[in-house]
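Novice: These are the residues of each chain, in order.
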Amino acid sequence: MTGDPAVMAITAALLTRPAPRAAHPPVQRVVEVAGRRPVGAYVELTLAAPEIAERAEPGQFVAFAVGGETSGLLLRRSIAIATAGDGEVSVVVSAAGPGSTWLTERQVGDTVDVVGPLGRRYPMPPRGTPALVVGGGYGSAALLGLTAALRDAGSPVLAVVGAATADRLCSVDELGALAEVVVTTDDGSAGRQGWVTDAVATVIGQVGVVYACGPMGMLRAVADAATAAGLPSYVAVEESMACGIGVCMTCVLPIVGEDGRTRFSRSCTEGPVFGGDRVRFADVGALPWDVVGADAMGVVAP
Amino acid sequence: MTGDPAVMAITAALLTRPAPRAAHPPVQRVVEVAGRRPVGAYVELTLAAPEIAERAEPGQFVAFAVGGETSGLLLRRSIAIATAGDGEVSVVVSAAGPGSTWLTERQVGDTVDVVGPLGRRYPMPPRGTPALVVGGGYGSAALLGLTAALRDAGSPVLAVVGAATADRLCSVDELGALAEVVVTTDDGSAGRQGWVTDAVATVIGQVGVVYACGPMGMLRAVADAATAAGLPSYVAVEESMACGIGVCMTCVLPIVGEDGRTRFSRSCTEGPVFGGDRVRFADVGALPWDVVGADAMGVVAP
Amino acid sequence: MTATETGVHGHKRRFEVDLRTALGSVEVPSPVLTASGCSANGAELEPFVDLTAIGAVVTKSVQLRPRSGRPTPRMAETPSGMLNSIGLQGPGIDGLLSDDLPWLAERGARAFVSIAGTRVEDFAELAQRLRGVPGVLGLEVNISCPNVESRGEVFACDPVAASDVVSAVRAVADPAQPVYAKLSPDVTDIVSVARAVTDAGADGLSMINTLLGLVIDPDTMRPVLGGVTGGLSGPAIRPVALRCVWQVHQALPEAPILGMGGIRSGLDALQFVLAGASAVSVGTAVFNDPSAVARVHDELAAALAQRGFASLREAVGYAHR
Amino acid sequence: MTATETGVHGHKRRFEVDLRTALGSVEVPSPVLTASGCSANGAELEPFVDLTAIGAVVTKSVQLRPRSGRPTPRMAETPSGMLNSIGLQGPGIDGLLSDDLPWLAERGARAFVSIAGTRVEDFAELAQRLRGVPGVLGLEVNISCPNVESRGEVFACDPVAASDVVSAVRAVADPAQPVYAKLSPDVTDIVSVARAVTDAGADGLSMINTLLGLVIDPDTMRPVLGGVTGGLSGPAIRPVALRCVWQVHQALPEAPILGMGGIRSGLDALQFVLAGASAVSVGTAVFNDPSAVARVHDELAAALAQRGFASLREAVGYAHR
Ligand SMILES: Cc1cc2nc3c(=O)[nH]c(=O)nc-3n(C[C@H](O)[C@H](O)[C@H](O)COP(=O)(O)OP(=O)(O)OC[C@H]3O[C@@H](n4cnc5c(N)ncnc54)[C@H](O)[C@@H]3O)c2cc1C
Ligand SMILES: Cc1cc2nc3c(=O)[nH]c(=O)nc-3n(C[C@H](O)[C@H](O)[C@H](O)COP(=O)(O)OP(=O)(O)OC[C@H]3O[C@@H](n4cnc5c(N)ncnc54)[C@H](O)[C@@H]3O)c2cc1C
Ligand SMILES: Cc1cc2nc3c(=O)[nH]c(=O)nc-3n(C[C@H](O)[C@H](O)[C@H](O)COP(=O)(O)O)c2cc1C
Ligand SMILES: Cc1cc2nc3c(=O)[nH]c(=O)nc-3n(C[C@H](O)[C@H](O)[C@H](O)COP(=O)(O)O)c2cc1C
Ligand code: FES
Ligand code: FES
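Protein chains in written order, with the numbering used here: chain A, -12 to 289; chain B, -12 to 289; chain C, 3 to 323; chain D, 3 to 323.
Hints in this document: simulated from the structure, not taken from any laboratory. Please note that the accuracy of each hint is not assured.
Incomplete in silico selection of chain A near chain B, CB under 8 Å [stated by the list, open to error]:
{"hint": "1", "residue": "H11"}
{"hint": "2", "residue": "Q15"}
{"hint": "3", "residue": "G54"}
{"hint": "4", "residue": "G55"}
{"hint": "5", "residue": "P112"}
{"hint": "6", "residue": "L165"}
In this text, a Cβ means the ideal position worked out from N, Cα and C, and glycines have one as well.
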């Protein structure tokens, strides 16, 4: 970290530190599907993958090859790890397009080719810090490991779990066993009618740190609310990834670094967990002039 | 047919007539796999495909889309019809490459997209003509329908069935129920040791017509033996096909037509059954000068 | 003005989308056509497709004389595509005029006749022979052929040679028959070729023809195809085809484009329309699905309706706006 | 003289195939390399591949200054391939020299450094900076960049511009570092570009770079990529890449070729070798299988052994014989 006082000032204004590197490198394995269970609109798959399970940390993800031997889909699909333990890893998959649909069709006994665990974990707060975890859609599943770890570290955990409709909620019971859970749905088909962010606003005063996983719009709203409340927040982003292992540079987001400068950072290896106040949500999909190296692209300071 | 005496002379020298067009046009259907059974080195699939079953004639084939929804294999795989009846069609598939391997992995209850019946049938001989049917490898399966039809038409049938090894024999029992069967294997692991053509030579004197299905080398030997014995023969060829329905022109063979002239004829729609004396086996893969239109390709008569 | 702008975007519409389009000046009821060489001369598709309901049958490129085509093997499957080297097997113009075109005309199917040759005069003679032939809606000039007068360089790879062919054809062709020039993607600058042929009188552009490719058989350790190289087609090449359509529509927004290259679904066809094609051809996908041409028409209609377009015309080039 | 001719063709051999090859004059233990931009600068592959055992790490194209690259979305999946528009994001030559190259050198991994620029002098300066840098085995000159001095036309699309870059680089580059020119397939005549750059002093040719493509998002009805067009890679383009390698080896049998484009398996790599490549790069396949580079090496070794080759060298260009 540089000693430049101007930079120090910017850094000081941020409430989060970048998530640390994972303790263990990923592995690539062909593993068996040990369990399959529809959960609302999603499918939960449990994989017999001891080497991944023992390495996995909350917030990390795995990447599946999809379509089988003759597949015309070349790129892996990234899926957040829901739970890891006892030699097994579970994931919750939403059938969005051809790749994820193929995944949801896997049956017990089928094998899948998976790489993981990938990416960085949610950083832990000081022991005992009350925490808020916020999940949208299948994103709630990715909070299970974190919530358990927070509990183990003495943090009381409040969970806000939302979705468009009741069938797109996820992991409510599992979270309920570890935390106090508030459910919201856009259409009121379960829990309170409204957005997770409405519920977040009512409880944010009670916690010392906020975590979120879900669609980008929700992450942005949650991060903004946390920052406005003076709380650190950590969000797990979902950005289109070609490789998942850091070699292709397709998955970048404008992220403010420890030195206060914004870089296009890879959400696969420098994320998917970022400090909520480090993601420049408004600039996603744009090239702001102050991103490192924007000048070389011909973008000039205004 | 032209009245040109020179052409008449050539035509007269041939013992076969081109196979007639199928009575019914093909259909395209997504059908269920109703049965699956390993037979030696192959897999027999039975499809619940009533519209194909009722149209099918002996010698015709079907074409399967392979690899499923996300498949990078664009072309259908042609597979001969073994039996057709009672709303079902059966085929015998050898796992050769990725497409046929995928087919052999289909399970009961899976659906497959199939087009058929395609191509022309084996023509029938005058009622009661003693017939020899010769099958190589999985090609024997394609003779089942024909053998039954011959029996129904009062023809005594002799079958010679061969393969490299015992596990690559096929349909021996089924043929045995309809015909007198001689089995040969290259390695002697079943039946007589030797080639089908050896066995053919010993029995060809007893019949009035010869039919064959199997690898090109075998078809050529059988056709030559029949022609040498003055007998008409009909062979079902296996040539690489992109479409199976006659629109792409990839599957052509040099075939002598009714007018005595050789054309590059499509084995999918003008075959796969051709008069054995009409296939210019020695010229497969070449462009002889006397093929219709070779002059426009710059090939000059010697 | 599109329906999108009037606010119905994203909602299913109950009324039908107007799918009519034109090839040059000739109106056709559907923007979905076959592709030359991928549906023979139409007859074989009859069990699977209503030939009168599709835009037109683009016939296999015909030359003056009957041609045997190349020796086999003529194809190799490739990832999401295939390579072919047929060598324009066909009956020649006499056979087409006596058998295939009357067959199509009898049924009321429209023929868009693809013509090919190895010298400029061949093309002109073919266009001459096709004047006033019933059912012949227009001509597609396949200039992806070697030019015997230029050491076998392909016409489509040289703007001058390409425009020589097109102007010769346009000069003698039936004025009622639009002339489309079919471009090759194997060029450094497809826009310059497109400009040259439209300047030479092409009423529209068909794009793209196949990409030159090669496959080696790992067993024989020689090229698979008898002709060594072949033409790559199918979904594998779709992004290249779309880029060509995009670039040419950008540069020449008034030139009608018949788009093709890897179209397999209505959403694929939609991409070509949005990029600037006013009609599309379905080629290799027919080998996978013999009813693809009709299915793509239906899927395209549904996709346009879902997006709030009242007509195909509104969607042409929409992605540039 | 190959083992095939001595009669062992088709039989498994017990002894090891000699897989050594050379990049220009520099010997490497394996003919299988990463592809520029598809393995970053190597470090991320370490969990999956022994970086010292592969031919070399071809680093992401570096320019003089750090570059942010283009805005997202930067990729679109396509049938058996993908489109990318990264915009050469990277640390610039200073960062490469201070961080990445020392990291590779410490581990004993060989770096084949890809350099890029928008004017001839940029390339020359980069070559100058890389003289004598430990672990830098050679340079790959990525000329598929827009030339700012020629209205943005890509260097690789013009034989003159391409050879200007290569001769400038060869003039100042470390004499011990071979210079490979990386060619674009988006040209009418790749042989003329290959000839121009070898005449200009290129010690070898890398081929091919991506094909220019486009994908339109059917939901937004706009091009998916921020940069509108992007580069098509993966198995979809393999037949085009093989054709380019074949044509260039046919015309310039003495020019060493680093072949790439859709290589996913040892049999794919074998096709490139038989067509004339003396080494290969594995690019997009790494995204599907992070250990692909090592796996392709092993599979290629097995495939050569099965075919009775005692060494890779015997197989180079074998399909032309
Ligand atoms: C870190 C991370 C964690 C994720 N966790 C989950 C999860 O737990 N459960 C789940 O169902 N999905 C998850 N996703 C999203 C999942 O990867 C995509 O839904 C899936 O890739 C869509 O693929 P497809 O073939 O079905 O869709 P297509 O639209 O056909 O995909 C085409 C391409 O776009 C990419 N893509 C499409 N949608 C997304 C998206 N929303 N996010 C990222 N890439 C996308 C695909 O990976 C593919 O390369 C996660 C994504 C990331 C990056
Ligand atoms: C009329 C006809 C009837 C057939 N009947 C049968 C049958 O009853 N049982 C059976 O197992 N196989 C049969 N075949 C062969 C079967 O179609 C091929 O084995 C199969 O297509 C190989 O596909 P693949 O993906 O496994 O191999 P690949 O080698 O990957 O195929 C690549 C391409 O080459 C073509 N091809 C490869 N081998 C052959 C071949 N031997 N004949 C024709 N095309 C080939 C494929 O169709 C495909 O387009 C028949 C072929 C034809 C033409
Ligand atoms: C087997 C085959 C034969 C073809 N024959 C011709 C032809 O005769 N004339 C022509 O202009 N294009 C021909 N083409 C090219 C197609 O018309 C089309 O331009 C190309 O295949 C791209 O479209 P697709 O990917 O939908 O097939 C042929 C393509 C294939 C696959
Ligand atoms: C994401 C991505 C980034 C790339 N970046 C570069 C680059 O920086 N420099 C370069 O010369 N080629 C680059 N390429 C091209 C590859 O090196 C290679 O030439 C091309 O992708 C074809 O090989 P493949 O099909 O094995 O990927 C890139 C390709 C991809 C997919
Ligand atoms: S997905 Fe490739 S670098 Fe992140
Ligand atoms: S396979 Fe297409 S014409 Fe026979």
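Novice: Which earlier hints turn out false for this structure, listed by number in ascending order?
Specialist: 1, 2, 5 and 6
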